[in-house]
Every structure is written in C-alpha cells, then in structure tokens.
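From first to last, the protein sequence lines stand for chains A and B. All residue numbers for the first sequence refer to our numbering, where the first residue is 1 and numbers rise by one. All residue numbers for the second sequence refer to our numbering, where the first residue is 1 and numbers rise by one.
There could be a bad hint or two in this list.
Said to hold, decoys possible - Computed cross-link-like contacts, DMTMM-like style, restricted to lysine to aspartate or glutamate with a CA-CA straight-line distance of at most 20 Å:
| no. | chain 1 | residue 1 | chain 2 | residue 2 |
| --- | --- | --- | --- | --- |
| 1 | A | 184 | B | 136 |
| 2 | A | 273 | B | 3 |
| 3 | A | 269 | B | 110 |
Unchecked claim - So these bits of chain A aren't anywhere near chain B, every CB distance computed over 12 Å:
| no. | residue |
| --- | --- |
| 4 | 30 |
| 5 | 35 |
| 6 | 85 |
| 7 | 88 |
| 8 | 156 |
| 9 | 189 |
| 10 | 236 |
| 11 | 239 |
| 12 | 250 |
| 13 | 261 |
| 14 | 360 |
| 15 | 382 |
| 16 | 394 |
| 17 | 412 |
Note that these hints are calculated values from the structure, not bench results. For every residue, glycine included, the Cβ atom is placed at its ideal position computed from N, Cα and C.
Listed below, chain by chain, are the residues.
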Amino acid sequence: MRFDSYQTQGFRDEMFDDAGVVRPEARLLLDTVESLEEGQLLQCQRAAERLLLQMGITFNVYGDSAGAERIFPFDLIPRIVRAEEWAWIERGLKQRIHALNEFIDDIYHGQKILKDKIIPEEVIHSAAFYRPQCVGINPPRRIWCHITGTDLVRHSDGCIYVLEDNLRVPSGVSYVLENRDLMKRTFPQVFEGSRVRPVDDYPSNLLEMLESIAPRGAADKPTVVLLTPGMYNSAYFEHSFLAQQMGIQLVEGRDLEVQDDTVWMRTTKGLRKVDVIYRRIDDDFLDPLVFREDSLLGVPGLVGAYRAGKVALANAPGNGVADDKVVYAYVPDMIRYYEGEDPILLNVPTFLCWREQDRQHVLGNLETLVVKAANEAGGYGMLVGPHSTAEQRQEFAARIAANPRNYIAQPTLALSRVPTLVDDHFEGRHVDLRPYILYGREINVLPGGLTRVALRKGSLVVNSSQGGGSKDTWVLAASSEGVL
Amino acid sequence: MPENPPLLSRVADSVYWMARYIERAENVARFIGVNLNLQLDLPMEPAQQWQPLIDTSGDAHEFKRRYGEATQASVIEFLTYDPANTNSIASCLRAARENARSVRETISSEMWAQVNSMYLDMQAQRRLPDSGQSAEFFRAIRLGCHLFQGITDATMSHSEAWHFVRMGRKLERADKTSRILDVKYFILLPSARVVGTPYDDIHWSAVLKSVSGFGMYRRKHGRILPRDIVDFLLMDADFPRSVRFCIRCADESLHAITGSPMGSFGYPSEQVMGLLRAELDFTSVDRILGGGLHEYLDALQVKMNTLDNSLLNDFVTRLPASQTQSQTQTAGAHAAD
Numbered sequence: 001m002r003f004d005s006y007q008t009q010g011f012r013d014e015m016f017d018d019a020g021v022v023r024p025e026a027r028l029l030l031d032t033v034e035s036l037e038e039g040q041l042l043q044c045q046r047a048a049e050r051l052l053l054q055m056g057i058t059f060n061v062y063g064d065s066a067g068a069e070r071i072f073p074f075d076l077i078p079r080i081v082r083a084e085e086w087a088w089i090e091r092g093l094k095q096r097i098h099a100l101n102e103f104i105d106d107i108y109h110g111q112k113i114l115k116d117k118i119i120p121e122e123v124i125h126s127a128a129f130y131r132p133q134c135v136g137i138n139p140p141r142r143i144w145c146h147i148t149g150t151d152l153v154r155h156s157d158g159c160i161y162v163l164e165d166n167l168r169v170p171s172g173v174s175y176v177l178e179n180r181d182l183m184k185r186t187f188p189q190v191f192e193g194s195r196v197r198p199v200d201d202y203p204s205n206l207l208e209m210l211e212s213i214a215p216r217g218a219a220d221k222p223t224v225v226l227l228t229p230g231m232y233n234s235a236y237f238e239h240s241f242l243a244q245q246m247g248i249q250l251v252e253g254r255d256l257e258v259q260d261d262t263v264w265m266r267t268t269k270g271l272r273k274v275d276v277i278y279r280r281i282d283d284d285f286l287d288p289l290v291f292r293e294d295s296l297l298g299v300p301g302l303v304g305a306y307r308a309g310k311v312a313l314a315n316a317p318g319n320g321v322a323d324d325k326v327v328y329a330y331v332p333d334m335i336r337y338y339e340g341e342d343p344i345l346l347n348v349p350t351f352l353c354w355r356e357q358d359r360q361h362v363l364g365n366l367e368t369l370v371v372k373a374a375n376e377a378g379g380y381g382m383l384v385g386p387h388s389t390a391e392q393r394q395e396f397a398a399r400i401a402a403n404p405r406n407y408i409a410q411p412t413l414a415l416s417r418v419p420t421l422v423d424d425h426f427e428g429r430h431v432d433l434r435p436y437i438l439y440g441r442e443i444n445v446l447p448g449g450l451t452r453v454a455l456r457k458g459s460l461v462v463n464s465s466q467g468g469g470s471k472d473t474w475v476l477a478a479s480s481e482g483v484l
Numbered sequence: 001m002p003e004n005p006p007l008l009s010r011v012a013d014s015v016y017w018m019a020r021y022i023e024r025a026e027n028v029a030r031f032i033g034v035n036l037n038l039q040l041d042l043p044m045e046p047a048q049q050w051q052p053l054i055d056t057s058g059d060a061h062e063f064k065r066r067y068g069e070a071t072q073a074s075v076i077e078f079l080t081y082d083p084a085n086t087n088s089i090a091s092c093l094r095a096a097r098e099n100a101r102s103v104r105e106t107i108s109s110e111m112w113a114q115v116n117s118m119y120l121d122m123q124a125q126r127r128l129p130d131s132g133q134s135a136e137f138f139r140a141i142r143l144g145c146h147l148f149q150g151i152t153d154a155t156m157s158h159s160e161a162w163h164f165v166r167m168g169r170k171l172e173r174a175d176k177t178s179r180i181l182d183v184k185y186f187i188l189l190p191s192a193r194v195v196g197t198p199y200d201d202i203h204w205s206a207v208l209k210s211v212s213g214f215g216m217y218r219r220k221h222g223r224i225l226p227r228d229i230v231d232f233l234l235m236d237a238d239f240p241r242s243v244r245f246c247i248r249c250a251d252e253s254l255h256a257i258t259g260s261p262m263g264s265f266g267y268p269s270e271q272v273m274g275l276l277r278a279e280l281d282f283t284s285v286d287r288i289l290g291g292g293l294h295e296y297l298d299a300l301q302v303k304m305n306t307l308d309n310s311l312l313n314d315f316v317t318r319l320p321a322s323q324t325q326s327q328t329q330t331a332g333a334h335a336a337d
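Chain A with its partners taken away, still in its complex shape (with noise of 0.2 Å):
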C-alpha cells in the first residue's frame, strides 16, 4: 500500500510536511510500508483486531447491555515523536506536574496562592472536585498526583499545547504497552533499524513509585495493592493488567476492612495487612464514612487509615481540585509563582465564563469556540462549535447563563492529523497524545504514550467512548543514546 495519493488536506500532519514531504522521522516506516506486498499491511490489521479480542482487551461502555465489551480500535500505523522534542515535552511535563503537586498541598495547607491573590479563593471552593475533608492531611513525602496522564495536542500553528492534566484516575497506559506488544506481534519488520525507545519497563516503575510512598513502619517489601471498582467498570482491563504485570493483588473493596486505622484484606488464610493502594475508584466513592454514604465501591473507615498515616493511597484523595477546568486556566500562574520559571508546556488560551467580558465573548462567538463543562471527561458536556447546529448552541448558551462558573470555552484546535489505514488506503485523522507520568522519589515520564485518534472522518473527539481508536507511540532514541 502507498502514500502516492495521501494528502494533508492543509491540516498539520505528524509523518508529513506542509509541501507533502515525508518527515525525515517517518521515512524508514514510510519504505518498510510501501515495500510490502499488497494487501499484507490489511493482513496485519485484521490480525491484530482479531489478537485485541482474543486477549480480551476490551473496554465496557456504559449503558450497553447488549455488546457491553467492545474492543478499542487499534490503527497499525505509529505516531512517531522526535528525541528532541520529546525532550523539551518531558522537560515540560516534569515542571508542570511539579508545580500542579506543589499547588495541590498548598490548597489543603496554608493556601498561600489564594492569599497571595494568584488564584481568586472562590474558584477553589466552588471546584467541583475540591474536597474539604482532605485539609491538613500530609500524603507521605507530599506527593498528591502520583500517576497523571496529561492531554496534549498539537495545533496547526506547530505547537503542542496541554488540553487537560487529568490528575484524578487516568486510564489507558495499558493500551500503550499492549499496542506495543501488538505492534510487535503482529507488524515485526516495521522495528528494524527504527530507534523507537521501550515502554514495557512502566510497570517496574509503577510498583517502585507505589512501593516508595508505603507508610514508615511498613515491612522491607511493603505490600500494595490495586483497588478496583470491579469487572463492569469500563477501565477493568487496565486494572486487571496492571495489577498482573505488577505482580500485585487486584481487590475490590469487599475484598478489604479497616480495624484501628489500619486496612486489611480477606484471604484465605485470614487477614492480611494493606500498605499501599493504587486506587482506581473516584474520590466520592472511596470511603462511605467520609464521602458518598451510598458508595458500595469503597471501604467504610479508608481515609480514617489514610489521615493517621498507616496506609498511602495513590493518587491521594482530593487532587482533583486542579483538574477543574477553570483552575487548569491557571497552571501558568501557578508554575511562575511556584516554580519561579515560565511554563514551558503552552496552554490553550481558556475564557471563563463566570468572568463577564469572557462570558459575553463566549456567547458571541459559539460557532468558532469549543465550550466544556469544567467538571466533565470524556468527551461529555462539550460543544465543537465549528461542528455544532444552531440549537445545540442554544442549548450551551442557556447552560452558560445558568451556571456560569461551571463553563470554560476555548478555540477550535485543528489537531495533528496522522495516516490512518481507512478501508483499503491512508486518511489523515486527528489525533492527541496522553503521556503518562509518575511522582515517586522523582519525577518520571513514560517515553510516548497513549495517541488516541478520531477515527470518524473529520472528527476531534478521540474519546473512546465516541468513536476513538488508537495508534503506538513512537519516541525515537536520540543517536547518542543506545536502545536496547
């Protein structure tokens, strides 16, 4: 199959340049690909679709009783990443988490940054995910975003941009490491003399990260644990994956009590003393005795534990603040004031609707904008102008004057585009990049990560749950480095 007739269709495109030309990055791929026989890249495709099913790495969608498991679209063809910017993005990436970390205790300590006027106190007390029962607590060696999967996009004017941190509980490395591993299996030639830097040591890094937070007084080998919400959550896979590579217990939380502030699980020898849980269950749902009492997920008496320091949670309860969309407007400012540099990860300009002149400029211009409810994922609660109907709009301009502080809108971003195998030829489709990073004893950045792509002709929704599929990630060795 050829990139003959391939076109960029004046969109910016990751393996091409504006003249048509391939990226010096993409032509050893661009050879190996146009140098197979036809219908073999098809072949490969269809193998590696028929391997996603097989190995069952599926994702639920909600509200679909009939299919309930879908596999998550794979595309055969890689987004590649130069050393060089990869360098400047993890440069970028560890400064900004730092400082999101930094800002996190500081909010549940002595909220320097509201007295110092940085960030007005009522964007804080009005974030949906700030959660008062979480102030004065002391996460061990204060870390509160342990595993962050940060959303990043490049627009047509060549820049790269954060779209979203995601601090919470973001999914989806486990499809970076199988799209590895499937890549492998099913498209080996494509490796050969490419210097594509490895990802399969995340889980190592994982449990070390998860391991160094255990609380003092914890055995030598700590023991850590994944808790999840169960096998219908739409993550499931990933919990199950995670928690097997990492050679750690996966438990739901019937699976765990807490006796004196300290938590045990259920074994068949009797109990069993916890030190560490990589939670995979939303804040609100945690702990009946301090958030949602109707929350049959978590474990009554979990955060009592957490507060007295005899079990660490990851991420730790509350972080969530930062991930409103109102404060992300904010994470320059906050990595000025905390780290005293200027960011070097460039945000979307944001305008919030709860300010006046912002609001009105909103509702002048829905056809152009993007509007997001400041407390959603997913895709949910969002507005495309550009692709939107005149009473879609309305609709979204009414929730804007309803609830202002609860609305955000920035501009139409013309995503990067990749070649995508569309039937039988390539079709350039948008698509974004979700690195994921850990905080342990340092700082921590997976080479790549998740590219999700918008498989639906001319679409800018990458999310799974609306039609997105997904490609390997390819973070190219800089040619002084060795890759094994």
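Dock chain B against chain A, hints included.
Below, chain B alone, put in the same frame as chain A:
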C-alpha cells in the same frame, strides 16, 4: 525464599467456580455427543433416548415446565444454548469466563485467552450446525475444555490458587460421574432380562463413553458387566474420572491449601472430605449394591454438597453473604433434584 502471596477469599471462590463451570461444560458436551452417537446404533423413542440427559443435569423440573416433552431438538437447545438454564454449555462458558475475567491477574494469560476464545466461539455459533457436523461441534467443546485444563496445569504455578482450581475441577467431575451412573443404572437395571444381548452392551458402553472410560474399562475388566462398571466408575483407584480418584485429588489439594498433614484435619471441610475419602477407599461394590446403588449415590450427593458448603465456610465466607450467593445457588439447584 519469598513466601507465596496470600490468596484473596474472593479470588479463591472465583477460580474454584471457573474450574467447575469448565468441567461442567465439558461433561454436558460429552453426554450429548455420546447420545447422538448412541442413537445411530439404537433407535429409540425420543423421550426414552433424551430424557435421561435432562435427569442427569438435575434440572428436570425446570425443563418440563419450559419445554414439555424431551426431544432431541429441545434437549440440545436446553443443554447447549439456553441462557435461562444456568447449566447449559453456553451459560457455563459464560460463567467460567466471568469468573476468569475477575481473576485475570491470578490465572495465566494463556488460560484467560483459552476461556475467552471458547466463549467467543460459542457466542458466534448460536445455532447448532447441521446434524452432520453436530458431533464435531460437541467434540470441539470437549477438546477446548481439555485444552484449558492442560494450559492450566502447564502455565499456572501450582500454588494455592491452582489447588482451588483443581479442587473445583475434581469435585465437579465426581459429581457428574455419580449422576450419570445413577440415572443410567436406574434405567438399565429393569432390563436385566436383556443382559448379554447386544443392546445391553451398547447401553453400558455408552455409559462408559459418557465419562470417556470405555477403553480404560476394557483394559481392566474386559467384559461389560454392570457390577464391574459400578466398581470402575465409583471406586477405581487409577481412572481419573472415578469418584474415588477425584475425591483423592481434591483431598490432596485441600491439604496443600491448609498445610495440615494428610490423614489429619484442621478445618471442618478437611474432616468432611476425609470421611468421604475413607469411605470410598474402604467400601466395596458388593456392599454398595447390597444396600442399593441409588440410595448410596443419593447419600454421596448429599455429602458432596455438605463438602461444598463446608469449603465455602472455611475459605470464603469472610465475604458478605450476598456476594457469594449467585454461584452457591447454582450448587443449591443441583442439590435439589
């Protein structure tokens, strides 16, 4: 040396039931396969031919209520596809997969891939193939289950969780062997006058084939005699589907789990299992037949149900009762026939 990690009670319960459901699916597939074959040799009234399969499954009442008369089509539908029948092959594979899915981090990825493939194949094939291929269809299910067991033994560490798998598999197998013997013996005994006729031979051969025991029986006993068949299926020391053999394996696994020395007990379930094992070790076929086979098998079923409950109490009930209910109800439905 690092210790083996503790096993969650919920996980122990799930791997145990995963194994039971796979074994159950295999047995149902074999029963149907043998019956399809039998009918080629020995045409009978459909009800006469197919009702015993329903009786063996323990769901006769449910079947009668929903399907009425036993025909080849209705019995195969009920035992193979019926989603409302928790013991149909499709339901068993679904339940096995659900259990496996909830413990993917504990079982090997190869085990998961196999149980998932079987489930997906079953989903894809919602109708029975033409009669020409139906024997092949049931054979494929049987082989898939064998493959799962082989993969389990070859890829999963033989530590505590594996012993729960093995215990589930063996207890289910013991249950199924005793059931088929009970049903068939009950039907065949009245026809004592045809002893020695080819028909009698064919019937009893079918019983043996239902538990894959024909060849092994022949090697040991030669002639087809009901007494020897009872002896073989209940008490043979070496045949892997005899009740005694299964209980012995389950007992070994139970002791591996608890760490109690063989021949002693520390948990109530070990005592129940030990009594059952000792009885099978030291009784004789003539004693059993003298007291009535049906009565004996009935009592055996009761003991196995007690054992199942006792295992649940010893290792799992730390869970709130509501969460173990669905599967134990299935076992309960069995006990009720």
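Status of the hints after comparison with the structure:
1. 184(A) - 136(B): violated (35 Å)
2. 273(A) - 3(B): Holds, because 15 Å separates the two Cα atoms, which is no more than 20 Å.
3. 269(A) - 110(B): Distance ~28 Å between residue 269(A) and residue 110(B) Cα, so the pair is violated.
4. 30: At about 34 Å from chain B, residue 30(A) clears the 12 Å cut-off, so the statement holds.
5. 35: holds (32 Å)
6. 85: Given that every Cβ of chain B is farther than 12 Å from that of residue 85(A), nearest at about 35 Å, it holds.
7. 88: The claim holds: residue 88(A) sits with its nearest Cβ about 37 Å from chain B, beyond 12 Å.
8. 156: holds (42 Å)
9. 189: It holds; residue 189(A) is separated from chain B by about 25 Å at its closest Cβ, greater than 12 Å.
10. 236: violated (8 Å)
11. 239: violated (8 Å)
12. 250: violated (5 Å)
13. 261: Nearest chain B Cβ is 20 Å from residue 261(A), so the label holds.
14. 360: holds (52 Å)
15. 382: holds (32 Å)
16. 394: holds (44 Å)
17. 412: Given a closest Cβ separation of 40 Å, the condition holds.
Checked against the numbered hints given earlier, the structure breaks hints 1, 3, 10, 11, 12 and satisfies all the rest.
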